[in-house]
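**Q** Each chain, letter by letter, is given below.
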Amino acid sequence: MADMWITMGPQHPFSHGLWTLKIRADGEIVKEAEPVVGYLHRGWEKECENRTYPLIIPMADRLCYSASMTWAHVYCKVVEEALEVELSDRAKYLRVIADEICRIQSHLMWLAAMGTDLGNLTIFLWALREREFFLDLNVKLCGQRLTTNYPRIGGVRNDMPYLFERDCMRVVDRFEKVMWEIVAMMDGSSIFLSRMRGVGVINRKDAANYGLTGPVMRGSGVDFDIRRDDPYCNYDQLDWEVAVSKDGDAYARYAVRIEEMFQSCEIIRQAMVKLKGLPRTDPVRFKVPRKVPAGTHFARLEDPRGESLMYLISDGTDKPYRLKVRSPIFVNVSASKHFVEGVRIADIPAIMGTLDMCLGETDR
Amino acid sequence: MGYSSILDWVKFNDPMLNEFYAYKVYNLPYDIGYKLWELIGGALAWLINLIFPGNGFSVTLISSDLLSNFFAIVFMVVVIFAVAFLINLTMIWEERKVLGRMMDRRATRIGPLGYLQNLADGLKTFLKENITPDKADKKGYMWALTLVIGTSVLLACMIPLSHRWFIVDYNTGLLLIFGLFAIAPFMILVAGWAQNNKYSLLGGMRAAAQMISYEVPILLVFASVALMAGSFNINDIVNMQAETMWFIIPQILGFLVFIVAAIAEAERIPFDLPEAEAELVEGWQTEYSGMKWGLIMLGDYFRGYVACALIVILFLGGWYLPFFDVGMQQDWLPEIVFLLKVFLVFFVFIWVRAAHCRVRTDQILNIGWKVLLPLSVINLVIAAVITYGGWL
Amino acid sequence: MVDTKDFIEAPSVEHIAGDVTRVFSPNITVRKVAPRRVHFNCDREAIHGVCKYLRDALNFEQASSVCGVDWVDHLQVVYHLSNYSNGVMVEITVDVPNDDPHIDSVALIWEGADWHERETYELFGIIFDGHPKLERLLTPQNYEFFPFRKSYKLRGQQ
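Residue numbers (this note's numbering), protein chains in the order written: chain E, 1 to 364; chain F, 1 to 392; chain V, 1 to 158.
No incorrect hints appear here.
Result set (DSS-like, lysine-lysine): computed pairs, CA atoms no more than 25 Å apart in a straight line:
id, chain 1, residue 1, chain 2, residue 2
1, F, Lys-138, F, Lys-128
2, V, Lys-153, E, Lys-46
3, V, Lys-133, E, Lys-22
4, F, Lys-35, F, Lys-11
5, E, Lys-337, V, Lys-133
6, E, Lys-246, E, Lys-337
7, F, Lys-139, F, Lys-198
8, E, Lys-205, V, Lys-133
9, E, Lys-291, V, Lys-32
10, F, Lys-198, E, Lys-22
11, F, Lys-24, F, Lys-35
12, E, Lys-22, E, Lys-337
13, E, Lys-140, E, Lys-177
14, V, Lys-150, E, Lys-46
15, V, Lys-153, E, Lys-319
16, F, Lys-135, F, Lys-198
17, E, Lys-177, E, Lys-274
18, E, Lys-287, E, Lys-274
19, E, Lys-319, V, Lys-150
20, V, Lys-52, V, Lys-133
21, E, Lys-31, F, Lys-198
22, E, Lys-276, E, Lys-140
23, F, Lys-11, F, Lys-24
24, F, Lys-138, F, Lys-198
25, E, Lys-205, E, Lys-31
26, E, Lys-22, F, Lys-135
27, F, Lys-97, F, Lys-124
28, E, Lys-291, E, Lys-46
29, E, Lys-205, E, Lys-246
30, F, Lys-128, F, Lys-139
31, V, Lys-52, E, Lys-205
32, E, Lys-291, V, Lys-153
33, E, Lys-31, V, Lys-133
34, E, Lys-319, V, Lys-32
35, E, Lys-205, E, Lys-337
36, F, Lys-198, E, Lys-337
37, E, Lys-287, E, Lys-276
38, E, Lys-291, V, Lys-150
39, E, Lys-46, E, Lys-319
40, E, Lys-319, E, Lys-291
To be clear, the hints were calculated from the coordinates, so they are not data collected in a lab.
The shape of chain E in the complex, shown without the other chains (with noise of 0.2 Å):
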């Protein structure tokens, strides 16, 4: 059969959102590939330049709506950086508590999507309920379910409300027991493992060439984490192990992000019990200033995707001069024409999906 050019996209159901994966193939094997973006792209960066500071932080909830709370976590981080503002303890182990839930939940919307691409909907449908769960606590916290609006410069909104800590750990637990089900079922299942195994291969060097962070980066082989080596809000005072896989295959990166949620779920409870040792009058926020000293900062932070990085130019007035986004996904997009080259068609969903697209944060 002669070589024939496929646009997978923007509406396709591998795709996840708006993105288009031009292919070019020979029968089942793809030879060439080449992605395209910015479909969703609306100047979020250009639209911050016009808001005050507090107003930028529920867009940042909506660069991703899995990962809302990390976004607004970030963006938090870098203004607080530039006004120099140390948080309490107490707000640093609820933002803690915040973005391992959303962590959690991420991946298990990852999970579910991961389960569509290779044609199951029992994974789809058993990890949505599960990642229902963590929607409820996200509401009991925040009070909003994906958007959640709740870090603050200078703090969280609110501390948490009364029997959150009960509610948590029932999650928790709950999760742990029913997770290994889900689990099992997938690795349980050959056909799975043939799907998973050996397929889109990333080598360390490709993914430290290629600019990957998060899951992916921890699938080939690489030992980071941001969390543990340029940790912050405490995190360096909790035990925890990063997941790491050497295999780079589609089945390393899945292992990885399974690995991390039941490593989210021990942050998690131990953060609750440092908590719980900290003084109730702790104040969960600070007063800041409206304006921010003129300056350059960036922050990053472990997104559940991979590193996500902010950099914010002030010029003194209430109103970033310029506020630049680093999204993981972008980066990993841009490098998906590599993973797809000589693969079969059947396989692009299987490594797409363990990608993680989103792509509100790719565009912006």
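Here the structure of chain E is known, so what remains is to put chains F and V in place on it, guided by the hints.
**A** Positioned in the frame of chain E, the structure of chains F and V alone reads:
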């Protein structure tokens, strides 16, 4: 010979005494139709005879063997199709219910136990606009689809529910069913090409590849079962199993091969590559919209039903239960026994669908050629040894 | 030429600042050193060499971001480089004049910088020399203006 009483007209004759009766054995739907015509036609003839006494019309036409036979055959055909259709709806309902339970979600909700959901969905697809792509090859587009659906429906109607509920009683019934079963993938290839869509084309090619690798093991399993039963006649195969034992016991290998190959032939989820919605949008069905798509879905389930029914017929003793007197079972609703078995096998299909992902193109060919084909050959050898060794 | 013999797995902040200024002395200056952060100012002629040195000798395997800034009187390109060993990040600020917005591309050093440079090109009009495919990425191909420059006013602004 007096024709005064209505009972002189409605005599409930034995249909097998009809000179036009097509089969050698008793056929239940034919009999029902025949008796129904005795009632309707007999009453009609009696009425006409009451008004015009002694006319030849009543005797030579209305209650004649020819017209009774004609009505009975039309009735039989309609009933057999309607029952196959109802079985199909029930299987879709079963799939949705069981899948819903396995996935921990709500399943169908309209009607008693959600049974009417399928009708509602059918109505909804029926109201959709009928779109034909501009650049499609119109003849191939429609004919391929018609043949896919048509052969599926025909197949489902040709499956006998029992020794008395059948539409063909050929000595080569199994081969006929197999031949019809194998037409659809060709037509899927044509349909994929005719839609002028790259996804459809890839889906069609996949269907062809899948067909080639799964038709051979199926044929070998058919051959080993026929060898053991000594006939291609479905009735004979089932009777043979009732006399000796279910063929699943000597031919467990063949059973396993057949259940995998049947899932592949019915294009259900571990092997639904031609319509892999994750990468090929909807595969070969991409450009079929509205009721065309609805009929394709229906046809898919007809084929699923045929696959399950073949498993029951070939390996699970057809419409007989073990440890019960065969003569007694012949009167005791063997159709229900058969359908229960079919639904049970279909439950396994659903179970597999809920638990597994879709396999890849190269993997499906590997399974077909490197696993199923050798196993089915071994199975054929075992069947031959058992049969000619006289151990059955 | 860049000497890549003394490859350092996890360089400390002081080490980076000292090494880079020693090798590229007139062209690069250290603006600020903070825990796990080094900020450089660099001339645009030297940026390619600096980046190559940072990757090959100091083990900065990843270009986190390349970002443009419009200071009205001149443009600026800011590089954020990170390594996978000890969490140190390097920020390099390069000034680019308005009338000649050219700078050497680092997309061949880190492939991850490819799309960042394309984005900076389309939003600020900074041309990266030696980039393999400098086309518009997020905005439509037929745009002739650079929307993130301060001269491009949004609706509602003066």
